[in-house]
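Asks: For the protein sequence lines, the chains are V and Y, in the order given. In this text, residue positions in the first sequence follow our numbering: the first is 4, and each later residue adds one. In this text, residue positions in the second sequence follow our numbering: the first is 4, and each later residue adds one.
FYI, nobody ran anything at the bench for these hints, they're computed from the structure. Please read all numbers here as calculations on a predicted model, not as lab measurements. Wrong hints could be hidden among the right ones.
Identical copies look the same in the list; a pair holds intra-copy or inter-copy alike.
Unchecked claim - Okay, derived cross-link-like pairs now, PhoX-like style, lysine-lysine, Cα gap no bigger than 25 Å in a straight line:
#, residue 1, residue 2
1, Lys10, Lys55
2, Lys159, Lys55
3, Lys242, Lys116
4, Lys376, Lys418
5, Lys339, Lys473
6, Lys345, Lys226
7, Lys101, Lys46
What follows is each chain in one-letter form.
There are 2 protein chains.
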Amino acid sequence: MLDDFDKFDALFHPGSAAIVGASSNIMSGGYNFTRFLIDHGFKGRIYPVNPKLDEILGLKAYANLRDIPESEVDYVISCVSAERVLQLLEDCKAKNVKLVHLFTGILSETGRKKETRLEREILRKAKSLGIRILGPNCMGVYYPKVGLSFNHDLPKEAGPVGGFFQSGGGAGEFVRYAALRGVRFSKVISYGNALDITGSELLYYFADDPETKVIAAYVEGVKDGREFICALSYAAVRKPVIILKAGRGEAGKKLVFSHTASMAGSMEIWRAISKQHGVTLVGNFQELIDQVVAFTFLPPITRRGVLIVGGGGGKSVISGDVWEEEGFHIPELSLKTRKELKKEVPEIWDWVRNPLDSSIFQKSLVPPLSLLKMVAAAQEFDVLVLGLTQDDFYPTDIWRETIVRDFLGGTMAIKDGSKPAVSVIETGEIDFSDMQNWRWSAIAETRKQVISQGIPVFPSPVSAAKALRKFVDYWVWRERR
Amino acid sequence: MLDDFDKFDALFHPGSAAIVGASSNIMSGGYNFTRFLIDHGFKGRIYPVNPKLDEILGLKAYANLRDIPESEVDYVISCVSAERVLQLLEDCKAKNVKLVHLFTGILSETGRKKETRLEREILRKAKSLGIRILGPNCMGVYYPKVGLSFNHDLPKEAGPVGGFFQSGGGAGEFVRYAALRGVRFSKVISYGNALDITGSELLYYFADDPETKVIAAYVEGVKDGREFICALSYAAVRKPVIILKAGRGEAGKKLVFSHTASMAGSMEIWRAISKQHGVTLVGNFQELIDQVVAFTFLPPITRRGVLIVGGGGGKSVISGDVWEEEGFHIPELSLKTRKELKKEVPEIWDWVRNPLDSSIFQKSLVPPLSLLKMVAAAQEFDVLVLGLTQDDFYPTDIWRETIVRDFLGGTMAIKDGSKPAVSVIETGEIDFSDMQNWRWSAIAETRKQVISQGIPVFPSPVSAAKALRKFVDYWVWRERR
Numbered sequence: 004m005l006d007d008f009d010k011f012d013a014l015f016h017p018g019s020a021a022i023v024g025a026s027s028n029i030m031s032g033g034y035n036f037t038r039f040l041i042d043h044g045f046k047g048r049i050y051p052v053n054p055k056l057d058e059i060l061g062l063k064a065y066a067n068l069r070d071i072p073e074s075e076v077d078y079v080i081s082c083v084s085a086e087r088v089l090q091l092l093e094d095c096k097a098k099n100v101k102l103v104h105l106f107t108g109i110l111s112e113t114g115r116k117k118e119t120r121l122e123r124e125i126l127r128k129a130k131s132l133g134i135r136i137l138g139p140n141c142m143g144v145y146y147p148k149v150g151l152s153f154n155h156d157l158p159k160e161a162g163p164v165g166g167f168f169q170s171g172g173g174a175g176e177f178v179r180y181a182a183l184r185g186v187r188f189s190k191v192i193s194y195g196n197a198l199d200i201t202g203s204e205l206l207y208y209f210a211d212d213p214e215t216k217v218i219a220a221y222v223e224g225v226k227d228g229r230e231f232i233c234a235l236s237y238a239a240v241r242k243p244v245i246i247l248k249a250g251r252g253e254a255g256k257k258l259v260f261s262h263t264a265s266m267a268g269s270m271e272i273w274r275a276i277s278k279q280h281g282v283t284l285v286g287n288f289q290e291l292i293d294q295v296v297a298f299t300f301l302p303p304i305t306r307r308g309v310l311i312v313g314g315g316g317g318k319s320v321i322s323g324d325v326w327e328e329e330g331f332h333i334p335e336l337s338l339k340t341r342k343e344l345k346k347e348v349p350e351i352w353d354w355v356r357n358p359l360d361s362s363i364f365q366k367s368l369v370p371p372l373s374l375l376k377m378v379a380a381a382q383e384f385d386v387l388v389l390g391l392t393q394d395d396f397y398p399t400d401i402w403r404e405t406i407v408r409d410f411l412g413g414t415m416a417i418k419d420g421s422k423p424a425v426s427v428i429e430t431g432e433i434d435f436s437d438m439q440n441w442r443w444s445a446i447a448e449t450r451k452q453v454i455s456q457g458i459p460v461f462p463s464p465v466s467a468a469k470a471l472r473k474f475v476d477y478w479v480w481r482e483r484r
Numbered sequence: 004m005l006d007d008f009d010k011f012d013a014l015f016h017p018g019s020a021a022i023v024g025a026s027s028n029i030m031s032g033g034y035n036f037t038r039f040l041i042d043h044g045f046k047g048r049i050y051p052v053n054p055k056l057d058e059i060l061g062l063k064a065y066a067n068l069r070d071i072p073e074s075e076v077d078y079v080i081s082c083v084s085a086e087r088v089l090q091l092l093e094d095c096k097a098k099n100v101k102l103v104h105l106f107t108g109i110l111s112e113t114g115r116k117k118e119t120r121l122e123r124e125i126l127r128k129a130k131s132l133g134i135r136i137l138g139p140n141c142m143g144v145y146y147p148k149v150g151l152s153f154n155h156d157l158p159k160e161a162g163p164v165g166g167f168f169q170s171g172g173g174a175g176e177f178v179r180y181a182a183l184r185g186v187r188f189s190k191v192i193s194y195g196n197a198l199d200i201t202g203s204e205l206l207y208y209f210a211d212d213p214e215t216k217v218i219a220a221y222v223e224g225v226k227d228g229r230e231f232i233c234a235l236s237y238a239a240v241r242k243p244v245i246i247l248k249a250g251r252g253e254a255g256k257k258l259v260f261s262h263t264a265s266m267a268g269s270m271e272i273w274r275a276i277s278k279q280h281g282v283t284l285v286g287n288f289q290e291l292i293d294q295v296v297a298f299t300f301l302p303p304i305t306r307r308g309v310l311i312v313g314g315g316g317g318k319s320v321i322s323g324d325v326w327e328e329e330g331f332h333i334p335e336l337s338l339k340t341r342k343e344l345k346k347e348v349p350e351i352w353d354w355v356r357n358p359l360d361s362s363i364f365q366k367s368l369v370p371p372l373s374l375l376k377m378v379a380a381a382q383e384f385d386v387l388v389l390g391l392t393q394d395d396f397y398p399t400d401i402w403r404e405t406i407v408r409d410f411l412g413g414t415m416a417i418k419d420g421s422k423p424a425v426s427v428i429e430t431g432e433i434d435f436s437d438m439q440n441w442r443w444s445a446i447a448e449t450r451k452q453v454i455s456q457g458i459p460v461f462p463s464p465v466s467a468a469k470a471l472r473k474f475v476d477y478w479v480w481r482e483r484r
């Protein structure tokens, strides 16, 4: 419910961008931001600004923003030091700049009076000049569709996840790791000290943004509590909102001030508000990614009966324990299902249970496909969980041929059914030589293929069960409204 | 406190082993167990037994155990079906066999009367013949020192971790994954239905075993509750005992019966007994590995002041939150430390905090080594946590050169200090093409180097903090006794 969605949205569709403080020093923001735009194929014109250089990364450099031979420059990335920002804003006005992204930091987050005063002065000037400020002390915008990026080698394809992060580093790492899980992004915005553009404004924006289906956020603190609650309430009825709230402990509360000059606030209040407004809270970056994977890959689910398949006895028992501990139930096979099983596998129909211990099915890690399809279709289950485990004793060639083939076959069989499915594939701590080992490369290939089938992959039963718990909580909340 | 440690220990030092039901079918136990012994360099003589074959995997095959041209065969791996075991025991007696490992299953774990009666009959006969039984329905022994193995490609080097697992599949996977974290094993024993050799006996054995410094177990149920409690009490004062108790939920309780015919028992009782006797309980295989890593790599720690280093603001805040949520405290830098910092880094001495937000240190992901050493040596910290994160914005070459070098440098600097240190290196979900990407290969190489320095590596702040919490709990418990 931004007053003017289109006007705000236009800030992120610049026809031209200048990097003020662009540099050839490979360790600097000025170098890296220039390269991000080039490497990610920014669709507008790129103007490095540096009075000491003629050229940066093959682009002509300008001594001052005012020297750029266009009458307007839409978007400025500021890599200059804090004391030069006020003058920069004057230059921006001359070029009719709409948005200044202040990578520039060392302001109020230092906790020092002088820097805090300067930050307030920057806000005042920007407002008076009609320029919007993103940051300061932030990494800015990753918007693959238009070629804006805040890091190297992020996916160039777009996807449904939008994000706003007070930690620019956290945002970059999040995109990188989530991308390996098959997640793609509409846009992710790092907003640092939230001097002008706040979390509230971004939350409203993503709530209305048609490119965004799932909202993920890393929030240290909010200065406009009531506004933020309104924004949460507005957003969460429209799409899932997942928040990693940082600064929960004593040290964290102090550190968020040193980081983005934020006041962490009380976790009791955060929990109560989140519960009331259907917001999904997570506790760390891994959980944030797991939660985004769940919301991105799965259709709404409001029931908690799980069928667990794959893995021998030990792995199955522990999976069952973990899913139950996260509030799911593991229904017994119904009489109807057992009767059908009796026809197909008379030697084990009475022995097998949910979780399906695949060692009971003897000759295959995943039960024969027809069997799997039959059980998976049974009424008593709402969600199917397939695990690719290593708890068999087969050698290289069998593993690569049989196990992987069966697992992919099982995945496909389930995909064709009517139930949502998730997959658990554990991740090894591997290096080049491990990767050349048959087992690991087979696992890695399988993971990619499962993801490409649109089935979410989690790195452990616990991570899957925790993410699904909150996922179902959200859809139950939506259903009740 | 085994009545006769040496006699029991001798069971696992066979001079010869026969695989009865050896096979050339690559999917069979008979094939794979033969190959495990060959590939892991079993130090004794290997005798495949199969009446239909002359040779298996290059070894002469015998029609019957009795045909083996040695008067004694110490160790028999049974891969025949259950109804042939009684006759096998007679044959074993003729060859003076000490231990029969029954890979053979489909006995009491089926829940069927006939199979359960047969299992009881097997026990009776073995006892009357003076033969010990491992299993049935188990994978047997991995003992790298003597070349016994229950899976392919497990480490050939020995180490300090001993284990007993009711899940043979779980045991194999555990060894494989833990090995990637630098863990090595004295011996790991899969004991399935625990018909003769029980968890209690194995626990006493590992408690007395000089090759074992840390005990890890996967337990579904115990039939001799009082004996097991005595064994726990005996073992945990001697060395850390970590138990993954399986069958905690309703489905799990039923499944452990289908798996090893175990009665899961009440988790309230398990928790109370574990607390009283200083046993570390974990909830899944990942936690089991994390816990073993902590106990294997770290000296005893009884205090909970943590210094967290590495990562920018966001990652640092969340690490701090997570460690505090696991009961650690994150002491502020003392006045003394700040005074020293003021000399070295006057521009940030007042700004920086614990966790050390490395983005405040500007030009390096890990603070300069001299600085790190100085802070790490401060009295207010008991444990140092170094994180290798990806939340910077540097390109390929810088990352490989600078970041990795600084991280390894930091690790070395800390290793030379007087404080225990742990490292957090997150694991990506990667395939071959990702691995060829600079960042991932650099991470993987770094992980291996850090481990080789004797510093434990965890895959996330949460896994590190959870493992360390229980680790410190144990040493505090030991100290109080």
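Asks: Each hint should be assessed against the structure and marked as holding or not.
Replies: Evaluation of the provided hints:
1. In this assembly of identical chains, the alpha carbons of Lys10 and Lys55 never lie at most 25 Å apart, being 35 Å within a copy and 82 Å across copies at closest.
2. Neither within a single protomer nor between protomers do Lys159 and Lys55 lie at most 25 Å apart by alpha-carbon distance, with minima of 32 Å and 61 Å respectively.
3. In this assembly of identical chains, Lys242 and Lys116 lie within 25 Å of each other by CA distance neither inside one copy nor across copies; the values are 40 Å within and 55 Å between.
4. Taking identical chains as interchangeable, the C-alpha atoms of Lys376 and Lys418 lie at most 25 Å apart only when both belong to the same chain, with a minimum of 10 Å there against 54 Å between chains.
5. Taking CA atoms no more than 25 Å apart as the test, Lys339 paired with Lys473 passes in neither setting, with 31 Å inside one copy and 45 Å between copies.
6. With identical chains, the CA atoms of Lys345 and Lys226 are never at most 25 Å apart, being 63 Å at best within one copy and 32 Å at best between copies.
7. In this assembly of identical chains, the alpha carbons of Lys101 and Lys46 lie at most 25 Å apart only when taken from the same copy (17 Å versus 76 Å across copies).
Violated hints for the displayed structure, listed by number in ascending order: 1, 2, 3, 5, 6.
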